[in-house]
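Chemist: This is what each chain is made of:
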Amino acid sequence: MTRTVLALAIFFLSLCGCTTEEPVPPEVKLAETQEFNLWRAGAPLYLQESFSRYRDELDKAKNGLVQVNSRFSWFRDYQPVQAEFAKVLKQGDELFRLLEIEKQNKALSVREQMTDLRERLQHLDQCSRMTNENRACRSSLTKAEVILNEARILYGGQQYQASEEKLKDVETHLATAERFITPVLSRYGDKSQIRKWKKWAEETIDESADREIHSVVVVKADRKLYLYKDGDLIKTYPVGLGRSGWSDKQRARDNATPEGRYRIIGKNSRTPYHRALLINYPNEDDREEFHRAKQKGLLPRTAGIGGSIEIHGGGNKGMTYGCISLANNHIEELYTFLTVGTPIAIVGALDRQNKLSSALTEIQNGRRKKKTP
Amino acid sequence: MTLKEDETMKRVRWIVLGLVVMAFVVGCASKPEKEINDAKAAMDAVIKEGLAKFAPEDEKKLKDAMGAVDAELKVQEGKTFKSFDKTKQLLADLSKMAADMKAALPAKKEKAKADATAALEAAKAALGEAKKMLAKAPKGKGTAADIEALRGDVKGAEDMLPEVQGMIEKEDYSAAMTKANAIKDKAAGVGDQVMKALEKVKAPAKK
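Chains as they are written, first to last, in my numbering: chain F, -19 to 353; chain C, 14 to 220.
Think of the hints as simulated: they come from the structure by calculation, not from any bench. Take every hint as true, because none was put in to throw you off.
Taking lysine-lysine and the BS3-like style, the derived pairs with C-alpha atoms no more than 27 Å apart in a straight line are:
hint, chain 1, residue 1, chain 2, residue 2
1, C, Lys53, F, Lys40
2, C, Lys74, F, Lys9
3, C, Lys101, C, Lys115
Given only the sequences and the hints, what does the whole structure look like? Please build it.
Modeler: In structure tokens, the structure reads:
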């Protein structure tokens, strides 16, 4: 009887002993540490799916451990659980390897994207300065540059994903800047436009030859004024244009320099710009164009056509309101050569190979590069 | 029944009674609901304070600790003779961890805010410096277009300062600091370009 009671007591005590802590396999703690380190290294960001699968496996192993720990200590067998955790650890090690590769690839890709965008930004910056497109365009370029700086800072902190996200915004601002610049440049690569400009220049030079007089051709792309006598080029002068000089003048206060065939209609030696030669802008063609644009709603109803376009002194480096400016000694020379009635052609370019069309091609190449992964 | 048998029976009764009491005590251990709720409340409180933003690793540690509590609860719930001593210990550790993190959080926030504010001030100062240089820059030959472009750039960068301020107000200090530093870099770039423009003008004079 006593033996039975003692056996019963031992049985009960052993049952109670089930609640005591059993040594769990070391792989459990290792796996938990590994999961934390993977998380810290950015596995959820760079290997979202693989990390999720790894977590599922870890959870499965943990559930197995819970089941084993719930059993009476007599029936506990940690071997299968240990094997499960070992499998998870192996999977985790592989994830670390993949993570390193993925991060290196991402770093490389982000660095390349940053380099491309920096090049595009620099080129657009040059184009913007070249075309004096200094308002909305430059605002977009400034935003792009600041965000590109942010991306660089994040890249330095190895936050490649965040850096890449920023680059998308850079791309948007560069595209906006391109939208402002492209219309200015595209005319300089347009075949029919160049043909028209060439025709004006040739007619002006021919008139000089036919009537044995001086004539002037201003080529905006070259920023040069070519002086002809009897159809021959006798002198070339560097010129400054309007603030929006690369564009054709459409209305008053647009700061653009007009394009077309004109004549000198007045000479002024008492001007703040040393000497001035007034041209007959707007001519008939300009008036027709202006009215057409107004009818189409391309210009505000209150807009005026403008006028008082001159070839004057004051220096060729600054920006004018639409006039053509020269160094004082150069206008002095011209002033003596040219008389009222001298034919003048103001054109964008005489060749498709000019610096503005090249700039446009580079912008288009930059866009193409972006599209090609 | 002999005297000896009687003694034995008495012992048996005491042993059985002892075992019954032991089984009652062990088997009836209940889930520590109060401790669980307290720990969860402590955890939620510190997470609500923005733990994920200012100390993401701490948040992860806290969640992992809660995961360990859940696992231990499952273990005990699967047992016939439950003991929640370990669970209680884990919950107490978790509550303490959460309380410690909550206590440390304001200092972390303050530091992040101070860093972001200092970066914003540095960006403003750099822009101010760039503006001073632009004001001094010669507006004559060869520089007018550049100076005007740079002036536009400074204005564009200045327009981005309210964004930084907005980020600070939303406690997004890390993003605010990054943007402020990026603006400062841009301002420094403008300063460099003004210097180059000045050198371009000065160069011929030296000849």
